[in-house]
Amino acid sequence: MGNKLTRIGRRLLQAVPSVFGIIVISFVLTRALPGDPAVYFAGIMADEESIAQVRRALGLDRGWFEQFGIYVMNLAQGDMGMSLSTGRPVLEELLSRLPASLELTLIGLSFAVLTAVPLGILAATRPGSWVDHLCRVLVTAGVSLPTFFTGLFLIYIFYYLLGWAPSPLGRLDFLYIPPPHVTGFYTLDSLIAGDFETFRASVVQLILPTVTLGLFAMAPIARMTRASMLNALGSDYVRTARANGLSRHVVLITYALRNAVLPVLTTLGMVFSFLLGSNVLVEKVFSWPGIGSFALEALVASDYAAVQGFVLSMAMLFVVVNLAIDVLHTIIDPRVGMDD
Amino acid sequence: MIQFLRHVRYVMSENPVTVAAFVMFAIIVILALFGPWIVPYDPLASNMRIALSPPNWAHPFGTDQLGRDVLSRVIASARLDLGIAVSAVALSFLIGSALGCSAGFYGGWTDRIVGRVSDTIMAFPLFVLAMGIVAAMGNSIENIIYATAIINLPFYARVSRAETYIRRNAGFVHAARLSGNTNARILATQIFPNILPPMMVQISLNMGWAVLNAAGLSFIGLGVRPPDAEWGIMVAEGATYIISGEWWLALFPGAALMLAVFCFNLLGDGLRDMVDPLRRT
Numbered sequence: 000m001g002n003k004l005t006r007i008g009r010r011l012l013q014a015v016p017s018v019f020g021i022i023v024i025s026f027v028l029t030r031a032l033p034g035d036p037a038v039y040f041a042g043i044m045a046d047e048e049s050i051a052q053v054r055r056a057l058g059l060d061r062g063w064f065e066q067f068g069i070y071v072m073n074l075a076q077g078d079m080g081m082s083l084s085t086g087r088p089v090l091e092e093l094l095s096r097l098p099a100s101l102e103l104t105l106i107g108l109s110f111a112v113l114t115a116v117p118l119g120i121l122a123a124t125r126p127g128s129w130v131d132h133l134c135r136v137l138v139t140a141g142v143s144l145p146t147f148f149t150g151l152f153l154i155y156i157f158y159y160l161l162g163w164a165p166s167p168l169g170r171l172d173f174l175y176i177p178p179p180h181v182t183g184f185y186t187l188d189s190l191i192a193g194d195f196e197t198f199r200a201s202v203v204q205l206i207l208p209t210v211t212l213g214l215f216a217m218a219p220i221a222r223m224t225r226a227s228m229l230n231a232l233g234s235d236y237v238r239t240a241r242a243n244g245l246s247r248h249v250v251l252i253t254y255a256l257r258n259a260v261l262p263v264l265t266t267l268g269m270v271f272s273f274l275l276g277s278n279v280l281v282e283k284v285f286s287w288p289g290i291g292s293f294a295l296e297a298l299v300a301s302d303y304a305a306v307q308g309f310v311l312s313m314a315m316l317f318v319v320v321n322l323a324i325d326v327l328h329t330i331i332d333p334r335v336g337m338d339d
Numbered sequence: 000m001i002q003f004l005r006h007v008r009y010v011m012s013e014n015p016v017t018v019a020a021f022v023m024f025a026i027i028v029i030l031a032l033f034g035p036w037i038v039p040y041d042p043l044a045s046n047m048r049i050a051l052s053p054p055n056w057a058h059p060f061g062t063d064q065l066g067r068d069v070l071s072r073v074i075a076s077a078r079l080d081l082g083i084a085v086s087a088v089a090l091s092f093l094i095g096s097a098l099g100c101s102a103g104f105y106g107g108w109t110d111r112i113v114g115r116v117s118d119t120i121m122a123f124p125l126f127v128l129a130m131g132i133v134a135a136m137g138n139s140i141e142n143i144i145y146a147t148a149i150i151n152l153p154f155y156a157r158v159s160r161a162e163t164y165i166r167r168n169a170g171f172v173h174a175a176r177l178s179g180n181t182n183a184r185i186l187a188t189q190i191f192p193n194i195l196p197p198m199m200v201q202i203s204l205n206m207g208w209a210v211l212n213a214a215g216l217s218f219i220g221l222g223v224r225p226p227d228a229e230w231g232i233m234v235a236e237g238a239t240y241i242i243s244g245e246w247w248l249a250l251f252p253g254a255a256l257m258l259a260v261f262c263f264n265l266l267g268d269g270l271r272d273m274v275d276p277l278r279r280t
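Here the protein sequences line up with chains A and B, keeping their order.
Under numbering that gives the first Met the number 0, the first sequence has 240 at position 241, and the numbering climbs by one with no breaks.
Under numbering that gives the first Met the number 0, the second sequence has 85 at position 86, and the numbering climbs by one with no breaks.
Don't read these hints as lab results, they were simulated from the structure.
For every residue, glycine included, the Cβ atom is placed at its ideal position computed from N, Cα and C.
Hints are supplied without guarantee of correctness; some may be wrong.
Claimed, not checked - Quick look at which bits of chain B chain A covers, simulated, 3 or more residues with Cβ under 8 Å: (1) 105-112; (2) 246-252.
To be verified - Chain A side only, calculated, beta carbon under 8 Å to chain B, not exhaustive: (3) 86; (4) 139; (5) 159.
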């Protein structure tokens, strides 16, 4: 166990430079505004006095290093500035919208993993069969799909033509009242409240956007599963396992899959990065009230603190996800002993 | 050379999909180069009398809410979309390979700094970083190009670093050094031409992504502005009409975008098969 713990600890330390790098870039982005940043952050309606106030608050009248210090101190206290379009702190705005986005992203990702991994395994165990061809088509077509376009056409087919899907406007049809806030995930909250009617309504709203996200995420996962499964099936340890007369199931799952899953996990990090980006597009298409929509509204309103707060928090979320994936990687990896 | 051509012919005959991709690529390039002379109508001319008419003989792709011909606009977009993607990819190729080559060749601090910079860029969800860059630098087409170039930079830096690193002690490099070439000259005339094939594969795989990225940015209202024709913004404009059943506004530009990206991805896979048969998946 000690071996794994040391590895995990070392990996946690490795996140420090990336976090520092992210903060530096986002500091540069907030200061890269053409002209006087104070004027931008104070907003269009600001007078001389409030601009001066913002300048002092951001430390714009001091040297670069001191400004960076102030920026880091503010961040450490969770202060990302005020959103001009809503008049509330950026962090508060982001946190209140985060569950909507996370619910969408996580369900989309699970949908992609649950379809792409079996597909990749089937394609690898039956090379040249129709499953293999389906997998190849999906892999190349999937990465070429613009998410905003797939989303729109799912709406056209399932809402306009067939009438199966509810109107693509937000997380719940206006007939329903959002469940009491516990986790912020409408599906979970409605289950906790025992309100199955609302649960059904929220699931129905989720189907199209999560399928849109999932279709996009499936391609790299299926590709990687197929490739690493093929690799594992051709390896010496699988041959040995077969030669020892282990059942097909045990060889496939315990020997091949456990090793093949590692590169797939690494790909998941990349996929998550794409998903956080496509989330913005999907939220716009489905009027989903998440952080992506918030960032877009802020972009339109030239609300810079909100946009940069969004970029910074997405990057932090991505760092955390990558960390979690690497920790999981260490736990699954059969080559790292549980005891030594 | 003849051997290479024979190899190309072999790969092509093995893989008809790659041939199809090359043909599609040629069509897209022709549309991008000669689009303004091919279009049946002026892509910006509006005619309210025929607004929102479905596809018909006069307008095969229908007309949009201002009566502009969708086919002409889809063709005219090819130039802008490819222009953005090509300039962005060229920029990140030039800067990325210069950084990557020196990192792989000199090692030490150069390597560490270049590695750290690309790691930091990769630590962001890339589309989100592009949004942040455009928001900070200002909403214009040039800044879309810069943002797309920056987020693609790490890929080129990494590939060129790895490829340079394995060649920096090759026989031909020693020979060039013995004949009195400087480091910079060796990098430019000996190593760089040798790492071009894997870089070409990277470029072609990257082009599709750059097009998708640029279209995504203009879909959310960054960069290209109406009335300019561009696939992403046309889909965005058509989005409001989808719910009322006017599908042709968004379908055709979206399909064009999809085909272009699909073509670049197929081309990238095909090129990889030609350059590096071992990495076929």
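Could you check the structure against the hints above and give me the numbers of any it violates, in ascending order?
1 and 3
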